[in-house]
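Number of protein chains: 6
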Amino acid sequence: MFYHDKKLQYKVRVEKPNPQFARLLQQAIGGIEGEIRVCLQYLFQAWNSRGPVRYRDMLLDTGTEEMAHIEMLATAVALNLEGASGDLVDTIVGKDPIVAAIMGGMDPRHYLSGGMGALAADANGVPFNGSWVVSTGNTAADMYSNVNAESSGRVLATRLYELTDDPGMKDMLSFLIARDTMHQNQWLAVLEELGHGDLRNVHPIPNSFPQEKENQDVNYVFVNTNIDPSSPSVGQNRRWTHGKSIDGKSQFREMKAQPMGPEPQLGPPMPSAYAQTEQIVEANSKA
Amino acid sequence: MFYHDKKLQYKVRVEKPNPQFARLLQQAIGGIEGEIRVCLQYLFQAWNSRGPVRYRDMLLDTGTEEMAHIEMLATAVALNLEGASGDLVDTIVGKDPIVAAIMGGMDPRHYLSGGMGALAADANGVPFNGSWVVSTGNTAADMYSNVNAESSGRVLATRLYELTDDPGMKDMLSFLIARDTMHQNQWLAVLEELGHGDLRNVHPIPNSFPQEKENQDVNYVFVNTNIDPSSPSVGQNRRWTHGKSIDGKSQFREMKAQPMGPEPQLGPPMPSAYAQTEQIVEANSKA
Amino acid sequence: MFYHDKKLQYKVRVEKPNPQFARLLQQAIGGIEGEIRVCLQYLFQAWNSRGPVRYRDMLLDTGTEEMAHIEMLATAVALNLEGASGDLVDTIVGKDPIVAAIMGGMDPRHYLSGGMGALAADANGVPFNGSWVVSTGNTAADMYSNVNAESSGRVLATRLYELTDDPGMKDMLSFLIARDTMHQNQWLAVLEELGHGDLRNVHPIPNSFPQEKENQDVNYVFVNTNIDPSSPSVGQNRRWTHGKSIDGKSQFREMKAQPMGPEPQLGPPMPSAYAQTEQIVEANSKA
Amino acid sequence: MFYHDKKLQYKVRVEKPNPQFARLLQQAIGGIEGEIRVCLQYLFQAWNSRGPVRYRDMLLDTGTEEMAHIEMLATAVALNLEGASGDLVDTIVGKDPIVAAIMGGMDPRHYLSGGMGALAADANGVPFNGSWVVSTGNTAADMYSNVNAESSGRVLATRLYELTDDPGMKDMLSFLIARDTMHQNQWLAVLEELGHGDLRNVHPIPNSFPQEKENQDVNYVFVNTNIDPSSPSVGQNRRWTHGKSIDGKSQFREMKAQPMGPEPQLGPPMPSAYAQTEQIVEANSKA
Amino acid sequence: MFYHDKKLQYKVRVEKPNPQFARLLQQAIGGIEGEIRVCLQYLFQAWNSRGPVRYRDMLLDTGTEEMAHIEMLATAVALNLEGASGDLVDTIVGKDPIVAAIMGGMDPRHYLSGGMGALAADANGVPFNGSWVVSTGNTAADMYSNVNAESSGRVLATRLYELTDDPGMKDMLSFLIARDTMHQNQWLAVLEELGHGDLRNVHPIPNSFPQEKENQDVNYVFVNTNIDPSSPSVGQNRRWTHGKSIDGKSQFREMKAQPMGPEPQLGPPMPSAYAQTEQIVEANSKA
Amino acid sequence: MFYHDKKLQYKVRVEKPNPQFARLLQQAIGGIEGEIRVCLQYLFQAWNSRGPVRYRDMLLDTGTEEMAHIEMLATAVALNLEGASGDLVDTIVGKDPIVAAIMGGMDPRHYLSGGMGALAADANGVPFNGSWVVSTGNTAADMYSNVNAESSGRVLATRLYELTDDPGMKDMLSFLIARDTMHQNQWLAVLEELGHGDLRNVHPIPNSFPQEKENQDVNYVFVNTNIDPSSPSVGQNRRWTHGKSIDGKSQFREMKAQPMGPEPQLGPPMPSAYAQTEQIVEANSKA
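Here the protein sequences line up with chains A, B, C, D, E and F, keeping their order. Quick note on numbering that gives the first Met the number 0: the first sequence kicks off at 0 and runs consecutively. Quick note on numbering that gives the first Met the number 0: the second sequence kicks off at 0 and runs consecutively. Quick note on numbering that gives the first Met the number 0: the third sequence kicks off at 0 and runs consecutively. Quick note on numbering that gives the first Met the number 0: the fourth sequence kicks off at 0 and runs consecutively. Quick note on numbering that gives the first Met the number 0: the fifth sequence kicks off at 0 and runs consecutively. Quick note on numbering that gives the first Met the number 0: the sixth sequence kicks off at 0 and runs consecutively.
Simulated from the structure, these hints should not be mistaken for laboratory data.
Ranges of calculated distance between the beta carbons of each label pair, as one might list FRET restraints:
no., chain 1, residue 1, chain 2, residue 2, range
1, D, Q210, C, K255, 47 to 57 Å
2, E, K15, D, P166, 55 to 65 Å
3, D, R12, F, H241, 32 to 42 Å
4, C, K255, D, V52, 25 to 35 Å
5, A, V52, F, Q264, 57 to 67 Å
6, F, K169, D, Q264, 16 to 26 Å
With a straight-line cut-off of 30 Å between C-alpha atoms, the simulated DSS-like cross-links for lysine-lysine are:
no., chain 1, residue 1, chain 2, residue 2
7, C, K6, A, K6
8, E, K5, D, K5
9, B, K5, B, K15
10, A, K15, A, K169
11, E, K255, C, K6
12, D, K5, C, K255
13, F, K10, A, K255
Computed far set for chain B versus chain D, every beta-carbon distance over 10 Å:
no., residue
14, D164
15, D197
16, Q215
17, V280
Small disclaimer: the values here were computed from a predicted structure and weren't measured. Each residue gets a CB set at the ideal place from its N, CA and C atoms; glycine is no exception.
Let the sequences and hints guide you as you build the complete structure.
Here it is as structure tokens:
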């Protein structure tokens with residue numbers, strides 16, 4: 000279960016409120032690379048965990064921390080919107096076109112729906128979507144999803160860092176960027192453990208499926224679908240076409256794409272599905 | 000640009016059509032771990048690529064291959080629905096409760112909307128969603144998203160393999176599982192190249208942001224948010240709390256969660272946002 | 000910021016695992032009347048709060064409690080899915096039609112995507128949607144949204160209670176139903192305070208907008224749109240057509256629906272919007 | 000503006016309530032081919048209409064009629080769910096596996112969220128989505144969307160007709176199927192008028208754009224992307240590769256797909272977008 | 000069933016067309032607090048109503064009225080977009096940066112997709128979503144949803160009123176604000192009737208569930224999750240921690256949050272769900 | 000299966016990069032009238048096709064071509080965003096309000112999430128949605144959906160053409176507009192074939208349902224729902240109220256809307272659905 004503290008995990012200061020930046024921060028709250036997603040993702044992975052227990056514990060710890068990051072960002076949105084209060088009415092009703100234009104870059108729902116508060120949505124107002132919460136029951140697959148989330152999240156945070164010169168916002172983002180560094184590292188630590196010190200043992204994921212059941216002709220073959228004979232990759236000795244496979248279990252090869260199956264043959268339309276009569280007649284006359 | 004061949008990449012046979020299994024296959028077509036997502040994800044990463052060119056080429060090759068996988072799975076859905084034709088009407092109108100019950104497990108939209116054909120949706124009929132297509136402009140972040148997609152995709156395919164005893168379906172899935180093995184490997188090969196042979200050089204992602212700008216107090220510290228003094232992880236020497244960080248750039252440490260920021264103080268409600276009068280009065284009397 | 004405890008807020012026991020009931024429980028996790036929604040709704044209302052502080056504190060307290068309810072329900076889903084392990088493979092591959100039929104009522108993504116774990120989705124697999132998180136900046140409007148959420152949530156919980164005879168599940172639901180009772184009461188307590196002891200003072204919401212600016216002819220008039228002269232409500236003395244208005248500020252009246260505005264007249268199609276030529280010609284010839 | 004009558008447009012009778020059929024009917028309420036979509040689509044087209052007025056009037060008439068169809072279908076759902084009342088509790092708690100299995104085919108939200116009432120969702124519980132409401136400002140484009148909506152809607156209704164043997168439901172569907180016949184015809188009548196009696200004059204839509212601005216080399220050429228030399232369509236004299244074009248303005252031709260553009264060349268990654276360092280270095284060294 | 004009148008319920012005038020304001024009005028059409036939602040919500044509640052009949056009648060009346068409000072707002076959007084016609088092309092192609100900037104605040108889909116007409120979407124272009132239509136089968140729960148919808152709707156309308164100085168728009172909004180006043184009152188009138196004159200009898204909702212089945216230890220206890228010992232609410236005598244409960248059925252109490260359940264124990268991973276081998280081995284070795 | 004060529008189908012040049020135009024182009028990529036939709040729609044129709052084979056072949060050809068159009072547009076987005084690189088940082092941080100304002104019209108996720116690359120979303124950042132992919136199993140219904148898609152798509156392309164003065168963009172759009180011309184024609188060619196040269200034989204769709212089963216009283220009757228006696232359409236001799244029906248099978252007639260069904264009577268609330276007690280009592284006392 001959960002507890003809270005009225006204090007923030009890290010201080011949030013805004014020297015010069017900027018409603019446009021408030022809109023950009025929403026991507027880090029409710030976007031696919033944002034904090035609601037990682038918070039729920041780590042917690043669902045913990046709640047669904049069937050062992051080992053030490054991973055469940057870590058997921059609960061970090062999922063709980065992410066909740067504090069949503070709080071910091073929502074607070075930053077609210078503080079950036081405060082600056083909008085003085086001029087908003089005058090500008091939107093059109094008295095000053097330049098200021099109006101700047102205001103035009105804010106999310107209008109910050110005022111209309113939120114009364115100058117944060118939303119559970121991204122920088123375009125698209126709502127957070129629960130489909131982004133990945134919890135597969137396979138720890139390695141989950142950890143790659145987590146590394147990806149922290150990577151695209153850190154990319155986002157560095158871009159936000161670039162787009163502000165407010166010292167308070169830069170300080171807050173410096174904190175969040177640092178936490179993403181740690182989180183990338185800790186999910187990799189799990190992968191290292193799962194691979195007994197060598198990430199390659201982790202693959203192919205899931206590694207509990209008997210690999211001899213997979214088609215042995217195509218499992219380490221790069222399929223080149225490029226039709227242009229003047230730009231073949233065949234023979235170019237790429238890392239993914241030659242040499243030992245990354246999982247250490249085979250050799251990479253390459254092939255030009257070609258059909259291994261026939262043209263599909265479906266049965267004629269069922270009468271009860273009400274295709275057009277002509278369709279049915281012709282399809283049956285072919286059979 | 001793109002070309003097609005009327006033949007399939009690999010043969011698709013269904014010996015005993017099964018409309019329930021057709022529903023399950025939809026997850027591999029239109030689910031978050033399905034083929035429409037990886038097809039579009041690799042192609043958008045290619046189209047957005049600003050170099051190196053060899054990664055763009057590979058992404059185009061494999062994105063094009065994934066289109067053929069959607070085709071195989073859609074064909075498998077259509078073939079599995081054929082078996083439903085004989086009995087469907089009788090059973091749904093209620094003459095045979097057991098058969099009706101089995102039919103109950105199919106996606107009714109396979110008949111109602113698709114006329115016994117595949118949909119761009121998951122196993123619950125939830126439509127494919129473009130938000131799943133990740134293309135960040137940072138190759139390492141993208142590759143982790145790709146490894147995750149192929150990992151959760153291979154997990155899904157092995158579970159589908161478990162849920163059928165149709166030899167044709169097992170054969171098709173064996174092919175797709177093998178391709179997932181290759182694709183996991185090839186995205187890892189890019190990460191290996193990006194890290195000059197050591198995946199750890201890749202991190203923290205993005206590695207082009209000056210790391211000295213991130214908060215140095217918290218970037219390699221595991222935050223333990225567990226409030227229960229009887230189950231501390233502090234002192235337990237986990238891989239993510241002690242020793243060299245996975246990226247090789249620091250030492251892991253651990254701290255108990257504690258606020259580093261004050262309780263937030265927002266301004267009082269703006270009159271123009273029309274909070275309740277009592278709110279405004281009390282908030283202002285506090286200020 | 001937030002802390003957690005590895006223990007649950009209340010015990011979760013499942014005596015006879017039931018994957019169909021696991022599916023039903025998802026509505027209470029990721030549905031519009033579920034716990035993710037109230038958790039995020041109360042927390043966003045807190046984070047966006049501009050006073051009074053005591054409401055912010057209460058919202059933080061209860062938002063944090065709701066996180067523990069998601070945890071309880073996710074745990075209940077995972078425990079209900081355990082029972083599926085023994086028979087699942089045999090049944091879905093079709094050896095036992097009755098058991099297969101029962102299994103047919105489970106959410107297939109609980110296995111395919113979740114590996115027998117909970118999802119951030121409703122009972123039909125539709126993902127949680129951030130648009131449900133209401134935080135308007137007007138405390139009274141927010142409290143009515145909260146009372147509604149706890150009312151539809153308690154309705155849902157009582158229906159789930161009806162659909163199980165597992166003593167553990169009944170016990171857990173009895174706890175959650177009780178908490179909904181408290182939460183309905185506490186949001187009403189805020190409304191009582193806002194209305195100085197009389198809920199009617201709260202209305203019309205927002206009560207800070209000068210009511211004289213609203214159209215005085217129609218603000219306490221029930222509009223009867225029923226066209227059938229044989230079933231008029233006019234003259235039937237309903238509570239909403241006669242007597243003092245509920246907010247105590249006027250008298251209810253009733254009117255038959257009739258237009259107060261003219262037929263709308265839009266300008267002709269703009270050339271640059273490329274309507275059909277015939278449209279443009281005829282529209283202009285009318286003008 | 001709008002009025003209502005407590006009576007239905009056409010009678011709705013259910014002799015043998017069937018909760019599975021209630022679920023199927025939802026597709027005709029909240030699905031992409033359902034009645035909420037056509038109701039809103041025709042009304043938005045009317046409200047956005049800039050002439051001719053007689054099309055606006057017709058759209059208002061029929062949009063209003065569609066509202067009555069939603070009402071009939073929602074009533075049919077509620078009546079089909081009544082039959083579930085007697086046995087529901089016993090069956091879902093597991094006492095009778097066969098009945099439970101049949102119940103398993105109902106939408107659980109009909110009980111959990113709706114208390115045995117209809118939802119604004121499709122047969123899989125996926126909510127109605129406003130993106131389906133097409134109103135382009137070009138009457139011909141809109142009419143084709145309307146013909147499509149009434150075509151897929153009539154296909155759906157005939158399939159529902161097939162799936163019930165309840166005389167009341169068959170009678171209601173016979174009414175709705177007939178109305179779809181009329182509505183297909185009336186939208187075609189508009190197209191006939193727009194084309195001065197010949198549908199071909201309507202095309203290409205929009206016909207107000209100066210056609211000489213479109214690329215004259217490719218506007219009546221069928222592009223054959225098939226790579227397999229053994230199955231060319233070239234030379235097969237299809238209706239879309241030879242003869243006068245359907246719009247009567249040119250001759251159809253055919254070409255094998257081939258690039259008309261070069262390989263795209265994007266600039267190197269911008270420093271401020273934080274790609275990986277290696278990417279940036281290599282991309283710039285190529286430039 | 001339904002009828003229409005070509006005249007509007009109330010006049011809609013725009014003196015100075017403003018495409019930015021057209022965008023803002025969309026929130027009142029297709030947003031969660033908008034008119035499509037209340038229209039469908041009241042109608043579905045009516046169609047699903049199983050008594051008393053007088054509530055069904057009122058819901059039909061007001062649902063029908065709301066349709067006329069969508070019409071007024073869609074007309075207002077179309078009229079506000081007319082002003083964009085003269086300058087649009089010049090400005091977006093960049094000849095005048097200031098005007099271009101102002102145009103930048105409009106919804107581009109008003110032109111691209113709608114040809115200067117309204118959309119079934121909110122102020123950010125996010126489509127209307129059927130999940131917002133609440134109809135629970137419990138009249139009290141439904142009425143609270145309705146009061147909330149009219150409260151957040153009136154908040155929105157007052158903010159729109161603030162953002163325009165067009166006399167026609169102010170007049171239209173004054174009408175809509177007035178109707179929201181009435182609608183708040185009429186839903187409260189139903190709650191008053193349901194409570195026999197005292198709203199408190201309504202709670203806890205649903206009041207038909209035997210309250211003795213809910214956990215008696217926690218149903219009137221405020222759970223304080225705040226971990227900070229320096230800011231306890233315990234002892235502060237809030238309205239929600241002391242005194243008679245609002246529903247009049249008990250006394251409020253308060254407790255500090257503490258676990259009432261154990262740490263959850265899930266079974267080990269099922270082999271058929273293909274967790275990583277190491278996971279399975281370690282989890283089983285613990286058991 | 001599918002192949003690709005690194006070259007584009009047609010050249011994509013941008014002389015003056017314009018991030019606002021990049022946003023507008025997104026509508027043609029990920030909007031409901033965009034290229035991802037038609038690409039997947041034609042391919043799913045092909046994969047689900049049960050004959051005639053020549054339609055399947057054509058759908059594969061054109062679906063494959065559409066993939067190349069997504070590629071062209073994504074490339075155009077990336078090239079239009081290049082121009083943003085020089086000034087972006089300076090402007091968004093607020094040093095130049097006019098430039099900042101122009102930047103305000105771009106999609107911030109093009110930078111934040113895409114690193115200056117295209118997204119699978121529309122001009123407002125709303126993700127592509129798989130529900131738009133129509134494949135009914137009835138060729139005529141599908142073809143009308145295809146004609147509609149190419150009509151609204153061509154309308155969109157002509158509007159984009161209007162909004163740019165970049166010669167490269169105008170050239171690319173001229174190509175795409177031309178292809179839409181061809182595609183409208185080719186889907187109409189199928190309808191012509193299905194109707195044996197007369198489109199009217201196609202209707203009513205599906206034409207394989209025995210038309211005598213539809214209600215013969217209402218299938219060619221226009222229902223006039225207009226309540227205003229001063230603006231009747233009755234007697235006005237519209238094309239849809241008099242004369243031969245468009246499908247040639249009957250005569251159009253007109254009727255004023257009137258109920259053909261009684262007021263619906265639902266049973267009282269089920270006890271187990273937990274309506275309010277008062278509801279249940281009153282509803283039963285009426286029965």
